[in-house]
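J.: From just these sequences and the hints, can you work out the full model?
Respectively, the protein sequence lines represent chains A and B.
Read left to right, the first sequence gives residues 1 to 370 (this note's numbering).
Read left to right, the second sequence gives residues 371 to 675 (this note's numbering).
One thing to keep in mind: the hints can contain errors.
Claimed, not checked - SDA-like cross-link-like pairs, simulated, lysine to any residue; straight-line CA separation at most 20 Å: (1) B:K474 <-> A:R129; (2) A:K237 <-> A:M206; (3) B:K467 <-> A:R349; (4) B:K501 <-> A:L325; (5) B:K467 <-> A:V340; (6) B:K474 <-> A:V340; (7) B:K474 <-> A:L344.
In case anyone wonders, no lab produced these hints; they're calculated from the structure.
This is what each chain is made of:
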Amino acid sequence: MSTNRASRTSVPPDPSTGPWAFLAQRWELATLAVLAIAPLVIPALGGALGGQVTNLFIYCILALALNVMVGYTGLVHLGIASFFGIGAYVLAILTVPMYPFQIGFLAAAVIAVLVTAGTGLALGAPTLRLRGDYLAIVTLGFGEVVKVTLRNLEQITGGMKGLNPVPPPGAGVTVAGIDLGKEFAIDPRWFYYLALLSLAGVVLAMRRLENSRLGRALVAVREDELAAQAMGISATKVKLAAFAMSSAVAGLAGCLYAASLSTTADPNAYDFNRSIMVLCAVILGGLGSIPGTLLGVAILVGFDTVLAPWADSWIQQMNVNPKGLSYLSFSGWRLAIFGVALVLVMRYRPEGLIPSRRLASELRDGGAGS
Amino acid sequence: MSFQFLLQQCLIGLTNGALIALVALGYTMVYGIIGLINFAHGDLIMLGACLALSLVGALGMTAAGPATTWVGIGGLVLICGLFCGLLNVAVDRIVYKPLRNAPKLAPLVSAIGVSFIFMNIGLFWLGPADKSFPELLPSTNLLHNDALQFTWKDLLVVIIVGPLMVALSVLVKGTKLGKAMRAVSQDPTAAALVGVDVDQVIAATFFIGGFLGGAASVIYGLYINTIGFQMGFQNGLYAFTAAVLGGIGSIPGAVLGGLVIGLVRALASAYVGERWTGAIVFAILIVILVFRPEGLLGRRVKEKV
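T.: Below is the structure:
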């Protein structure tokens with residue numbers, strides 16, 4: 001568009017030289033190594049903190065799932081939490097003692113992922129020819145339908161109580177004299193590693209996807225659907241594939257969520273608010289960018305579980321708020337802070353905190369996607 | 371008896387539908403002119419309802435006589451309408467205007483952000499719990515029929531929504547501003563070339579949409595009698611569904627969509643059960659969009675290279 005804008009992005013620091021070269025190129029491996037060793041060194045990660053970090057990993061998986069739709073393919077999806085919920089509930093139905101199935105975590109998770117992928121296909125097949133905004137509304141509506149159904153089919157889903165107890169993974173399985181189920185129940189680090197392993201697998205799969213034929217087709221459809229079709233890409237098939245992949249990964253996140261909480265929680269855990277929060281994380285971090293998505297989730301979850309409680313207790317110590325007024329506490333401003341952050345990011349850095357290279361060039365060129 | 375019951379449900383549905391239509395107009399007009407799903411519209415109406423509640427308390431309207439009450443309600447509609455209209459214009463100026471040439475996702479996400487900010491303001495204004503809105507109108511039946519209820523509250527909805535709709539269609543069809551609005555919604559660049567001040571027209575659209583929303587917020591308070599800081603989301607969702615159903619961007623479509631959604635809600639609550647209403651409304655929406663993606667009255671838009 002204008003010259004000064006172009007020059008701002010044209011010269012990134014060369015990552016192939018310098019002492020940080022290894023970290024810049026292999027940030028995933030380095031982070032993974034740190035995260036894998038951390039619980040052995042920091043005892044707190046074996047306790048309550050471990051549970052929160054596990055949660056963070058699960059949300060990262062969910063956000064990466066959404067990123068396939070919104071980031072790579074450019075389809076606005078406002079109901080990702082419903083697939084998260086379907087995954088959690090299918091896993092629960094297949095494992096809780098209330099039902100006769102009780103087939104164990106691994107088999108149940110595979111089935112749950114297949115079911116969510118199938119649900120995504122079933123929703124996507126008739127609706128993908130809709131234009132962007134209409135598709136957004138269909139996904140939003142689907143999310144509401146799923147939430148209401150989960151809440152009302154009390155005989156199957158347990159209504160507001162949810163389904164519990166979901167047994168820990170590996171219940172009844174003994175490997176080399178270790179009862180895995182018992183270990184999962186006692187030590188949260190098992191869940192920590194399970195979630196970390198799943199997240200690493202998903203990141204790896206996403207990295208492969210980005211550079212695969214299908215991944216490039218997704219981006220081509222996002223950039224210009226007609227041009228992509230003219231090049232021989234079937235936009236419908238590509239979008240359906242995105243829908244199925246996104247739903248499946250969201251379902252996997254749901255399985256981990258239900259297993260780590262050992263309950264599905266109540267259906268409100270899978271409502272529009274969660275979908276929007278995950279969307280915010282993806283957009284804040286950078287659409288179509290894997291490190292951006294992870295950072296976005298870390299910021300949002302970090303805000304809720306670390307910054308807000310810390311600031312609140314600090315305000316309490318200062319004793320400025322003896323009456324407990326909500327506008328004198330930090331967490332009372334939570335929504336406004338998120339709102340202002342979204343507005344500012346869209347205004348000044350629409351490509352997100354860690355932009356994807358492909359998308360950044362498009363946004364800087366001035367509205368090619370509008 | 372059962373026919374009368376059906377008639378009663380239809381009456382409730384149409385009255386509710388008129389209210390939904392008023393909100394849906396705010397969505398459809400803004401979408402028609404700048405292609406933005408204004409997620410903050412429902413929360414704007416929530417803020418209007420907060421103002422209405424505060425004014426009712428400050429003016430002591432619960433103690434007024436019948437004549438004063440009606441004048442007061444008229445005043446409330448005017449003040450809340452102006453408040454929401456001006457707030458909407460201000461948000462457009464500050465938040466959406468710098469993003470006019472940005473990719474479509476940018477204003478959409480900003481609107482979600484504005485909706486969060488509004489919700490937080492509403493949280494401080496009302497507190498976390500739902501507040502009851504005082505009953506200003508007597509709930510006597512206006513029809514001389516025991517099975518069929520049509521109260522002052524229902525009448526209120528009709529006598530506020532009807533004239534507003536007429537005024538809106540006169541404005542859009544008959545005035546120079548309306549002509550400019552239609553021109554900008556068809557092609558902003560061409561409209562600017564023939565001398566239409568596009569920014570002013572967009573501001574006017576936001577004002578009108580906001581004004582209708584403000585009026586809707588007063589009616590909502592008086593008709594539903596419960597307001598809360600989270601009411602914007604649910605009501606915005608129904609209204610937006612109505613706008614999409616009728617064909618987003620189409621003004622008669624929004625009205626039709628609102629009435630249909632109102633009817634569906636009332637009939638679903640009566641015959642299937644209140645708790646399934648939301649699922650039924652959205653399931654119908656998905657089915658209609660699958661078979662008629664442009665909505666009931668919308669134009670089919672060809673995608674261009």
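J.: Now look at each hint and say whether the structure bears it out.
T.: Against the structure, the hints come out as follows:
Taking the CA atoms of B:K474 and A:R129, the gap is near 18 Å; set against the 20 Å cutoff, the hint holds. Restraint check: the Cα-Cα separation between A:K237 and A:M206 comes to about 19 Å, which is no more than 20 Å; the hinted pair holds. Taken as a hint, the B:K467 and A:R349 pair is honoured in the structure, with Cα atoms around 16 Å apart against an allowance of 20 Å. Taking the CA atoms of B:K501 and A:L325, the gap is about 18 Å. The hint holds against a cut of 20 Å.
As the CA atoms of B:K467 and A:V340 are separated by approximately 16 Å, the hinted pair is consistent with the 20 Å bound. The straight-line distance between the Cα atoms of B:K474 and A:V340 is roughly 19 Å, inside the 20 Å bound, and the hint therefore holds. For a cut-off of 20 Å, the pair hint linking B:K474 to A:L344 stands: about 16 Å separates their Cα positions.
The structure fails none of the hints (numbered hints given earlier).
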